[in-house]
Amino acid sequence: MADYNYEAACNRHLDDAEHLEGDRRFANASQLHGYAAECALLAIAKRSGVGTFGTDGVEGEFRVHVDQLWPAMLSALQHRGHARLYDALGPANPFKGWRTRDRYTATGCAERSEFDRHRQGARRARDVLDKVRAGTLP
Amino acid sequence: MTVRFDDAAQRTTSLAASVVQQTGLRCTVIRDLRGVLRLVVDDRARALPTEDVEAWETSLREAAGAFAPPDGAVLLASMFGDPDAVLAGALEVLPGVAWLERTLLGWDWSPESVPPFVQSPARLVFYGIKGGVGRSTAAAVTAIELARSGRRVLVVDMDLESPGLGEMLAPDGGPRAGAVDWLVEDLVGNADDALVRDMLHRVSVPDALSGELWVVPAAALAATGAPDTYLPKLARVYQGVSREGVTRSFAARVREMVEALEREVRPDVTIVDSRAGMHDIAAATMVGLGGRCLLFAMNSAQTWSGYRRLFEAWAARASALRELRESVTVVAALVPEAGDRAYVEGLRGRAYDLFAEYLYDQQRDATDDVFNHEMLSEDAPHDPLEIHWNRRLLEFDPTAAAWPAEVRAAYERFLAGLRRRKLIP
Chain A
1 MADYNYEAAC NRHLDDAEHL EGDRRFANAS QLHGYAAECA LLAIAKRSGV
51 GTFGTDGVEG EFRVHVDQLW PAMLSALQHR GHARLYDALG PANPFKGWRT
101 RDRYTATGCA ERSEFDRHRQ GARRARDVLD KVRAGTLP
Chain B
1 MTVRFDDAAQ RTTSLAASVV QQTGLRCTVI RDLRGVLRLV VDDRARALPT
51 EDVEAWETSL REAAGAFAPP DGAVLLASMF GDPDAVLAGA LEVLPGVAWL
101 ERTLLGWDWS PESVPPFVQS PARLVFYGIK GGVGRSTAAA VTAIELARSG
151 RRVLVVDMDL ESPGLGEMLA PDGGPRAGAV DWLVEDLVGN ADDALVRDML
201 HRVSVPDALS GELWVVPAAA LAATGAPDTY LPKLARVYQG VSREGVTRSF
251 AARVREMVEA LEREVRPDVT IVDSRAGMHD IAAATMVGLG GRCLLFAMNS
301 AQTWSGYRRL FEAWAARASA LRELRESVTV VAALVPEAGD RAYVEGLRGR
351 AYDLFAEYLY DQQRDATDDV FNHEMLSEDA PHDPLEIHWN RRLLEFDPTA
401 AAWPAEVRAA YERFLAGLRR RKLIP
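Residue numbers (the working numbering), protein chains in the order written: chain A, 1 to 138; chain B, 1 to 425.
Some hints could be false.
[To be verified] Some but not every residue of chain B turned toward chain A, in silico, with C-beta under 8 Å: (1) Asp-32; (2) Gly-72; (3) Ala-85; (4) Lys-233; (5) Phe-396.
[Claimed, not checked] Ranges between beta-carbon positions, derived for each pair: (6) Gly-81/A / Glu-326/B: 51 to 57 Å; (7) Gly-22/A / Glu-92/B: 36 to 42 Å; (8) Ala-85/B / Gly-54/A: 42 to 48 Å.
Keep in mind the hints are simulated off the structure, nothing from the lab.
Keep in mind that this is a model prediction, so the values were computed, not measured.
In this text, a Cβ means the ideal position worked out from N, Cα and C, and glycines have one as well.
Please build the complete structure, drawing on both the sequences and the hints.
Quick look at the structure:
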């Protein structure tokens, strides 16, 4: 499957987001938080047997960006009996309103309150992924 | 040779110990829901050579067989964003080696689940490793006697798998909700004060004077006309609840439920009838309520075998042991009419052997401050309170206005012992 490594990509995006935050470049940091969370969720999906993955990565309902991926994951986790994963990630979507097309806009996502929400969401997704890797979730 | 569940655990623990010896770094063995084992090495203090990590990965696969994961058997703490969150709840089993169990139904023995002893209201848990020993009847008798002596008593039936105490004290029905309802509504944040009031039923106690007796059944006793929904609820209640990173264990939820009931009733004494056997409920009520616990026992091989397993589990979790061992008292249940003294002495001896092996400290010299009792020490934890068998108990209704003299006699020493040992006011 190409050279996709969702877990390593999640860490890479998160690390860079933190560097940008340090330089007060919140708009691009927020974008990277979205990509970090997207990668974390896909890694969780793959490890949990949720979602379909082919030679070009994820397929079907999960082949979307994080603003739509997060609720899609919650729905799938709920319907497939992954109660603990659902509890760990839900019930709210921290990336509601995040848009990948903000990379084309002049200012991007620059609201500080939204940035905080995206950062917390990305970290929560990464923390859940860590627990799935370690076997303490689900 | 196929590596089985127990061997995989033992061999992985040995591997962890060897890694500790080799590196001086703390290791945590994690056993997941399916019993698959992983080893987390805490490399936050210094980096580790890749070849060492790869060697441990190979060793773990050999050690654990089918109980090793397909990849990532050995993980480094530095890989995690928040290693302490991942490893929270791990208990040390050997120097430098901790264990973290992830089970579907898991005993909650972590230090956080052992709350401080609760003075008021007095909390008394009735527990038996085996069922059918008169535990629930004894709980009902104790509650009624306390109400008759002017106390306000709350009784909670936590024998969710085999309810009985609620029906015993409220035979004509009553509460529109029970413990299982609170636990399932709490999963979605719905366990409100209105629900608490629906759970409570005031039992009419003859000669109660100023005393009151309130019972919370395991399930609703009022006829609602709706199809029975008990089993779908029961299948869900044992979960912990996690919301945005904060987890409330099953034990914590049980404690919160009891506290909510106590806020409503304001009892002098709370009596909890716990489920028989080794189960989450046992851990939640014995470990998680900060009360005293009565261990009902018959002098039989099955009883002592069961308590041995329980004591072994406690002794392996030293963080909970000190509070637990000072809070338990053995009850000799159903002492036979013929040869009662010999029976009680035999039971005391068996109880003492178990306590001495697992719960009492070894006294090295006279100045040692230890938790220890002699075999014949009166009112020691192993010295049993007695409930005597009488055939009148077969049809005994604790809510009847008058108790037969034989029933009073059966419980006389038990109730006196509870008072003497200050387990009840």
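> Does the CB of Gly-72/B sit less than 8 Å away from some CB of chain A?
Replying inline: 6 Å, holds
**Asked** How about Ala-85/B: closest beta carbon in chain A under 8 Å, or not?
**Response** This interface hint holds because 6 Å falls under the 8 Å limit.
Satisfaction of the Phe-396/B interface hint, Cβ to chain A closer than 8 Å: This hint is violated: Phe-396/B lies away from chain A, its Cβ roughly 43 Å from the closest one there, beyond 8 Å.
With a cut-off of 8 Å on the beta carbons, see whether Asp-32/B makes it to chain A.
3 Å, holds
Does the Cβ-Cβ separation between Gly-81/A and Glu-326/B fall within 51 to 57 Å?
41 Å, violated
Q. Between Ala-85/B and Gly-54/A, does the C-beta distance stay in 42 to 48 Å?
A. Hint violated: Cβ distance 33 Å, outside 42 to 48 Å.
Hint validity - Lys-233/B Cβ closer than 8 Å to any chain A Cβ:
15 Å, violated
Glu-92/B and Gly-22/A - C-beta distance against the hinted 36 to 42 Å
37 Å, holds
Consistency note: the structure conflicts with the earlier hints numbered 4, 5, 6, 8.
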